[in-house]
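S.K.: If you want the building blocks of each chain, they are given just below.
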Amino acid sequence: MLNTTDRRRILGPANAKPLVFDRSSVPVEENQESAKKSSVSTGNDAIYIENGIVVNCNGSSYLEVRSRTNDKNCTLLLTSIYGPRPSRGAFNAKATLSVQFKEVTLEKIAAGQIKEICTFLTNVFNAVVNLERYPKSGIDVFLSLIHSSSGQQDFELESIITACVNGITLAFVDAGIEILDTVSAGMYKRNVTAFMKNGTEVVGFWKDDDEQSSSENILEIVEKCKEHYLTNRKTMIEFMVRNKNASD
Amino acid sequence: MVMSLTEKRYLQECLISKPPLRPDGRNDDQFRPIEVFTDFLPTSNGSSKIVASDGTECVVSVKSKVVDRSLEDDLIVVDVDITGRRDDSPLVQEIASILNRVLLLQIDQEQLRLTQKYSFKLYIDVLVLSSYSHPLTLISFAIYSALNSTQLPTLISSEDDLDVAELPTFHDYDMSKLNIDIPIMFTLAVCGQNVIVDPASSESDVASNGILVTWCKGKVGAPIRTLSLNEEYTRGIHPDRLAESIRLIEILAPKVLQALDG
Amino acid sequence: MSEPVELRPVTFHPEVLARIAPDLYMQRHLSLGLRPSLRAFEEFRNVEISDGRLSCASEDSINVVGNNILGSNVLKCGKTMVITSITGGIVEDVVPAKSVDNDFSEPSERTNRVSQFGRVYPVVEVERGRVGAPTDEEMTLSQRLYNCILHSGLIPKRALDVSVGIRSTNSEGESSVVYPDEEDSSNAVDTPFRSKRKWSYTLYAKIQVFSRDGPLFELCWNSLLYALASTKLPRAFVDERTTDLKIPISMRGRSAVIRETFEIICDPTKYLPLSLDAANKAFASNFGVLEIDPEAQLPKDDDDMQEDVPGSVLLADVQGESEEASVSSTISVVTNADGNIKHFRAVGGTSKITIEMIQQSIKLAKLRALDLKAKC
Chain V
1 MLNTTDRRRI LGPANAKPLV FDRSSVPVEE NQESAKKSSV STGNDAIYIE NGIVVNCNGS
61 SYLEVRSRTN DKNCTLLLTS IYGPRPSRGA FNAKATLSVQ FKEVTLEKIA AGQIKEICTF
121 LTNVFNAVVN LERYPKSGID VFLSLIHSSS GQQDFELESI ITACVNGITL AFVDAGIEIL
181 DTVSAGMYKR NVTAFMKNGT EVVGFWKDDD EQSSSENILE IVEKCKEHYL TNRKTMIEFM
241 VRNKNASD
Chain B
1 MVMSLTEKRY LQECLISKPP LRPDGRNDDQ FRPIEVFTDF LPTSNGSSKI VASDGTECVV
61 SVKSKVVDRS LEDDLIVVDV DITGRRDDSP LVQEIASILN RVLLLQIDQE QLRLTQKYSF
121 KLYIDVLVLS SYSHPLTLIS FAIYSALNST QLPTLISSED DLDVAELPTF HDYDMSKLNI
181 DIPIMFTLAV CGQNVIVDPA SSESDVASNG ILVTWCKGKV GAPIRTLSLN EEYTRGIHPD
241 RLAESIRLIE ILAPKVLQAL DG
Chain X
1 MSEPVELRPV TFHPEVLARI APDLYMQRHL SLGLRPSLRA FEEFRNVEIS DGRLSCASED
61 SINVVGNNIL GSNVLKCGKT MVITSITGGI VEDVVPAKSV DNDFSEPSER TNRVSQFGRV
121 YPVVEVERGR VGAPTDEEMT LSQRLYNCIL HSGLIPKRAL DVSVGIRSTN SEGESSVVYP
181 DEEDSSNAVD TPFRSKRKWS YTLYAKIQVF SRDGPLFELC WNSLLYALAS TKLPRAFVDE
241 RTTDLKIPIS MRGRSAVIRE TFEIICDPTK YLPLSLDAAN KAFASNFGVL EIDPEAQLPK
301 DDDDMQEDVP GSVLLADVQG ESEEASVSST ISVVTNADGN IKHFRAVGGT SKITIEMIQQ
361 SIKLAKLRAL DLKAKC
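Read top to bottom, the protein sequences are chains V, B and X. Numbering (UniProt numbering) for the first sequence: 1 to 248. Numbering (UniProt numbering) for the second sequence: 1 to 262. Numbering (UniProt numbering) for the third sequence: 1 to 376.
These aren't lab readings, by the way, just hints derived from the structure by calculation. Be aware that one or more of the hints could be misleading.
Straight line, CA to CA, 30 angstroms or less: simulated DSSO-like cross-link-like pairs of lysine-lysine [what the hints assert, rightly or not]:
1. X:LYS76 with X:LYS281
2. V:LYS108 with X:LYS232
3. X:LYS79 with V:LYS234
4. V:LYS17 with B:LYS65
5. X:LYS352 with X:LYS363
6. V:LYS108 with B:LYS121
Computed from a prediction, not measured in an experiment: that's the story for all the values here.
All chains, full assembly: derive it from the sequences and hints.
M.R.: Written out as structure tokens, the structure reads:
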């Protein structure tokens, strides 16, 4: 990848070096403080939801997750769904689902990790979307991460995944594609769990780091995630009901 | 092997029943027999070949290089190549990314330190010659055996070279064994109420979900996550299945390691 | 014998008609004096902009590790949303060995006007629900933006020069950074270092478009311009201890390589705005020209028949599928309010673009530039 030049994009001078910011002068206490806050604030986010921002797709949702305690921690995510649209090739009795993730402004997630997120999310929604309903078609989900600065960087990926699950569900609702339940995800420390059926079924579990919660029993972690899931799901359902009432 | 809808339904029913009836007659906590060969590549520092009973075959080679620690952040690089799949296919990229991160996360980089300034950097090349089921478990077993058989040249120059402009020098033929904690990863399949280890390809095809569990330093560690084994039968699972798979690995992992070490 | 075939008029839903016969749909609207978007012929869409608070210099993101966005803009025009983020890099300029003194050697550059201007390297991505290589449209847009920014002279080359400060650490371990332009008295300290090498910033723009709904060049240009106007360049310095340090590394005694031990470090707290040439700040507008087809007009009352129907009309700010499909003659103008035109492009398609139309489009573009400039 590195050796091939990209002729399709204007890349700029080859000898340019990226900007290196000096981190030694940054007050360290401040960072730690905000990190503490963000770990406390899990489950205490203000969520702003908007539907149908992208018009040339079948359904879209825009999610702004802002921590209540620290206004500066926010994740902005735009989800758009294209499909069900006819897929070429062999006959498929079920729709095929694909998830693409892209960072629109800042690029800081490694390519391999993005692939991991995509396959994880695809697996979650394979269990959730009623794919039998859409034979011979493809449903493509595009996630565009506009901004994310959830304080301490370690927390970022997990809060992004949480936002992705919630965003995709809302976009499916906007697109009118059948899903089995309002799936939503909850985060506890660095664990993300996606639930359905009122928290009795897990459709996705993601645990990436040991240190924060290594001693805790997995069922306790899932239970903590569930609390966050229930508040997230409540927010989403309230939004959908309000949206419906407004359009009636 | 592509199964018909009826065959799949039959197999699914078998696996859901309690206890699960696996097509090859295994118990739910039983692995398929594997054959491991180590240290067969003369040009690499460590190598292993692993062959599973279904014909899945995986070759791992470990090579090392001396690097300046201040210039290199990641001292372990894993490269995965699966025959029949493009390098940029999701499965290959996902497996490479998981392995890279697990090894960096769980292996203490201090263990690769050579002198104050220099470290060994390990290049782990994974080649999956033929794969029928999700290859992650097998790859991680192969990496474990390869790293365990890795011999690195013995340092003869001084370890304290902070103020000396000197490159490390090594003994002409003495090698010392690499000594690090190596994580291994298990894939489990959830079929209804059952959790089965080491799913064969036909079992993966009808599983309700997959779970990836990592074992390192004598306990279950991160990452733990749900994993896609098929697109057709994926369902939500009860949280108890997660706990159950961890319990299963806690029992099995020491035995597996014993077998791999032996 | 067969019955004579009876022709029944078919009626379509407006959306269906727009899809199957965009030109007819368009003509029917025009005959009502309206466009499919219900705008008047020479009416532009409203433009909303914000900086999105994405930049690392903004209050929200300051000190967030890993944020290297220097300027940003979110532009909304109708349903279309354009998100532009500017990132930077540092590149070492090749300085001729003889010109050590601090002159801004100008004589030879008269001939090569472009060499005085800074560049921006844009990459445009339009979301369309597909993955893969960039489309023709994206590549053309990127190239056009690159050319226009360069030739407009919006960024004087001097604005991208890095004035490298020096960080010195005193005996108590406190470090302070001295910049050449901040402290005149300390000139003695930095001149020997500064004259040897020269660096400049390079700017990259990432432009992401959602809900494409018509030609994009103008939206991208305006968004890029706003983003550049909001761009702040970090102050940069080198550590005093490393300025003159070069370490020869011997590679097994064969050859000696000089390793550069100093790197330019950016200050995460101090920023200077990118100084753009205000006279060259221009905004883009697009127009379409469409001939009115007398056959496709809605039937009118007899007494109206005498009324003179104009042969063709000028439409400002082309939008929507049916407009884009039926308009093949377009005009694109990049100008400021004073009529300092930076870019003009007219594509003569099936309809004739008259002199009056060109005049009118420039007049409108100037008015629009005045309006857009106010939002900056």
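S.K.: Does the structure keep LYS108 of chain V and LYS232 of chain X at a Cα separation of 30 angstroms or less?
M.R.: Given pair LYS108 of chain V, LYS232 of chain X holds - Cα atoms ~21 angstroms apart, limit 30 angstroms.
S.K.: Do the alpha carbons of LYS108 of chain V and LYS121 of chain B lie within 30 angstroms of each other, as the hint requires?
M.R.: Roughly 24 angstroms separates the two Cα atoms, so the pair holds.
S.K.: Take the C-alpha atoms of LYS17 of chain V and LYS65 of chain B, compute the straight-line distance between them, and say whether it is at most 30 angstroms.
M.R.: holds, 26 angstroms
S.K.: Is the Cα-Cα distance between LYS352 of chain X and LYS363 of chain X 30 angstroms or less?
M.R.: holds, 19 angstroms
S.K.: Can you confirm whether the C-alpha distance between LYS79 of chain X and LYS234 of chain V stays at or below 30 angstroms?
M.R.: OK: LYS79 of chain X and LYS234 of chain V at ~29 angstroms, within 30 angstroms.
S.K.: Hint check: LYS76 of chain X vs LYS281 of chain X, CA-CA at most 30 angstroms. Holds or violated?
M.R.: Between LYS76 of chain X and LYS281 of chain X the Cα gap is close to 20 angstroms, so the pair holds against 30 angstroms.
Every hint from the earlier list agrees with this structure, and none is contradicted.
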